[in-house]
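Colleague: Here are the chains, one letter per residue:
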Amino acid sequence: MSEAAVIGARPARVETGKFWILPPAALLALLFFYPLALIARQAFFDDSGMANVAEVTRVLHSRFFLNALINTVSISVAATAGCLIVGLVLALILAFVPFPGSRFVARLIDTFIALPTFLVTLAFTFLYGSAGMLNAGLMEAFSLPLPPVNFLYSSWGVVLAEVTVYTPFILRPLLAAFSLVDRGQIEAASVLGARPLRIVRQVILPAAIPALIAGGSLCLLLTVNEFGIVLFIGAKGVITLPLLIYGKAIQESQYQVACIIAVINIALSLGLFGLYRFAAGRLGA
Amino acid sequence: MSAAAFTGTNVMDIDAAKVRGAGSNVHFDKVSVAYGAHVVLHPLTLDIAPGEILAMIGPSGSGKTTALRAVAGFVRPASGRIRIGATDVTDLPPYERGLGMVVQNYALFPHMRVEDNVAFGLRAQGADRALIAERVRDALGTVGMSAFAKRLPRELSGGQQQRVAIARALAVRPRVLLLDEPLSALDAQIRRNMVEEIAKLHRDLPGLTILYVTHDQTEALTLADKIAIMRDGRVCSHGPTGELYRRPPNRFTAEFLGRANLLPVTVVEAAGGKGFARAALGDTTLASAGRDEKAGDRSLLCIRPQHLSLTDEGGHSNRISGLLREVHWQGELTHLVLDVDGTAVRVSTTRLPIALPEAGTRLPLFFAPADTSLVPEDAGV
Ligand SMILES: Nc1ncnc2c1ncn2[C@@H]1O[C@H](COP(=O)(O)OP(=O)(O)O)[C@@H](O)[C@H]1O
Ligand SMILES: [Mg+2]
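Protein sequence lines, in the order shown, are assigned to chains A and B. Residues 1 to 285 in our numbering are what the first sequence lists, from first letter to last. Residues 1001 to 1381 in our numbering are what the second sequence lists, from first letter to last.
It should be emphasised that the hints constitute simulated quantities derived from the structure, not laboratory data. Treat the numbers as computed from the prediction; the structure is a model and nothing was measured. Glycine residues also receive a C-beta, built at the ideal position from the N, C-alpha and C atoms. It is possible that part of the hints are untrue.
[Said to hold, decoys possible] Some but not every residue of chain B turned toward chain A, in silico, with C-beta under 8 Å:
1. Met1101
2. His1111
3. Ile1190
So here's chain B without its partners, still in its complex pose:
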């Protein structure tokens, strides 16, 4: 295999990628996918900026893998175009797209040593020996696996295998790194470490564009610059991670991304200018960050469990009360479940009154208007 193995686009992009920070954007332009008559991805338009980590999350079967495989070239869109950088890749085979991919079960080549696994892509692209040796060393160093170069995959733990899989994908200096549930096969402790390592990896390679598919919101919240939440083959919300968490645009997002208490309220006074809206929960009036609700609208007041406190602190001007139903002590955190006018409300707190309250007690709950947001009920759900 010689330089002839390169396609025009590959040579150009591999050279371009040598300059750190030169990642490509990914653009979905009304991409839809169907298996027979079964539409699993409704026309999707989405842009991943160069160097961005986009986490695509959603329940199982919502079409995340399908979207990722459309980028990789294993699923043919029924309509729409996919662009990576300046290239329309919709009609290109996977091996001409210049990507890296890591999947849940690692998919290492079992009969090749770690170093040969990592070298595979470069050899396939016809790189010369010196470059291969250098890149393999680099990639294994990046994932902390240099000491294992001569091992066979079966001689490694799951976490180590996944590091090798990541090194293998990085060695070709991909334009975009596709990760499909990369940590789902690992146990909790290793998964936490790996999330941090992927975050570090991206700090070291800030130009690398990453599409990270997961059903785990913690991974998404930790890693992603932006999140797209998938539901039934559609993106039901998309935005910067923090914003999506603080101001979920709909009920599904509020409940899927972290835990949320959603109190049914009626808007009493719209949020004028920079102020808060006022909303009624039964007889109680609460202040909340609003969107474009009008007085009289029914809405949901979203407040996260960790933002509710049992004691009145500075700025916690909202006050509700509820009957204590359950108490779960978990060491670092204590979880309480209260009944507030028929709605189950979760409270997570690090600080408790000296004596643990008993079930059946009526407790006041305090929270700050800035920690709340009004979320519209999802249409037609």
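Just chain A, with the same shape it has in the complex:
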């Protein structure tokens, strides 16, 4: 009797359980997969609506696309490397060198994540731009006719701005990982004769590898898709994939070309994301 009731009840519950997948799935389809599909489709049709696969090959072999791809990847890799190094050093100091106010500083850096990315770029322009404080000061001090510092308007400017903006994304998981490192292990290592550098390499870093991989992949993803910073700095010749898509779609109205590049950009992002999941999964993070 009761058994029958239980058996009878079970399918009903599964039924309602299944039902709940519908709203998110529908929302996802409407807001995410449908536009994605539109873009993918548009990549194979020219702007008058005719199928045009040859255009795909042409774009993929074009100079402007290859340049943008190389720019994107190299800037992203350089910025991520910079974020990893700066983030690691900062996190080590914040977590292991006790100084008054270290928690406040950590929280301050945390709030950085909340700010719009172009804000930093704007600040950089004020500081290092042609008419910025550094150049103005130098020009006046040495009576120079032209601004002497112009790294900002190169790939380096973009990398520097991205490092500044995205380091907190490394810092946060690293600080979390470091807070879990048993201070007893560090002390044990120290008593056994290990100096600070060895302790960092052999005791602290192994515990932080999942955090480094997770933070690093996130940085790669974000910098590959970065738009605001690159646009804002407006460095000559520094065209990345997102900027190229913007230019083709909005400025030149070449929608098919824009969509072809967008598909590549999406594939790159998803590939990086897959890599991140794979690495995180293998490390049990």
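With chain A held as given, fit chain B with the ligands onto it using these hints.
Modeller: Coordinates of chain B with the ligands only, in the frame set by chain A:
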């Protein structure tokens, strides 16, 4: 890392330690420690002889860990000096002190195999491969963990992890081994075995100086050559283990180290020469080993529960009586609680009269003067 990783003192001491029996002494010279205005260690002067096991015991928060961490170099003394052997280590960083340390939660490196954990210190000190291999084998053999060299710490039980932690500390041939509650995380059965194994370890390495911090008096009584009892950041007594147990110099020591019955007495006759003092408990006069009490002094007569017997045996010339309050039978031992003139007196005995006495019965208690001592009331407590 090469020989340059050694400091002058380390090279010398590691070589010296190769000769078995060459341990270092540890000397606290008026060492005090404060956190802000909060003094947690009052000026402490204490010497641990080479090859000695000193157990530092005391209640939680009494400053034991602080004293040990001052030796390790993690706590900076506010005043005083710490010497290990001939070296003043007060200003040396931990990694130049040549010590071994084992803590309660093992603190093994989780991503390293057992053998790499044990090799860690030697690698850090730049020892060559052959020596490392030999020492790792030795150290793991000493703690009976040779079969587990390739395991990761998480694949070991708590007791096994603690053995590895001990092997890791021993592999560097430390001048002094610091143990901070090393067995407190283990369950009772394993803890008993480990205490015996640490005792055996010290028999095998008689030159090793050990500072053993614990709140467990059984561990201290079993292992230590000497005991220092800490209370509120001060050493309230310090001496050879047996002596401290038999003749506790104050009430706190008597009660912290083993169980003690303390009967309030008035000294009637001082202990002259080698004889016993005589003290009055109510109308009863008792003979007791005394110190320097004078007739008329108020004092406490200390008698351990296992030294009280219900029957008159040879030499048990002291006799008191009390009302039986509680009886706890625990297999090997039976614990009785009696009321003797308002003082609760515990008796632990292996032998009982045929019939278990009932609560409310008045029972006589016999004990030998040699098993007693007079303990002064703690001043200002
Ligand atoms: N880092 C610290 N900051 C402030 N107070 C501390 C610190 N470490 C220990 N103390 C205090 O010092 C006292 C002694 O601590 P501890 O040496 O750990 O005692 P025990 O090991 O005997 O339990 C305690 O009152 C504790 O609260
Ligand atoms: Mg402690």
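Colleague: Using Cβ atoms only, decide whether B:His1111 comes closer than 8 Å to chain A, and label the hint accordingly.
Modeller: Constraint on B:His1111 satisfied, holds at 4 Å.
Colleague: Would you settle whether the hint for B:Ile1190 is holds or violated, based on the nearest Cβ-Cβ distance to chain A being less than 8 Å?
Modeller: Constraint on B:Ile1190 not satisfied, violated at 20 Å.
Colleague: Tell me if B:Met1101 is really an interface residue toward chain A, meaning its C-beta lies closer than 8 Å to one of theirs.
Modeller: holds, 4 Å
In this structure, only the earlier hint numbered 3 is contradicted, and the remaining ones agree with it.
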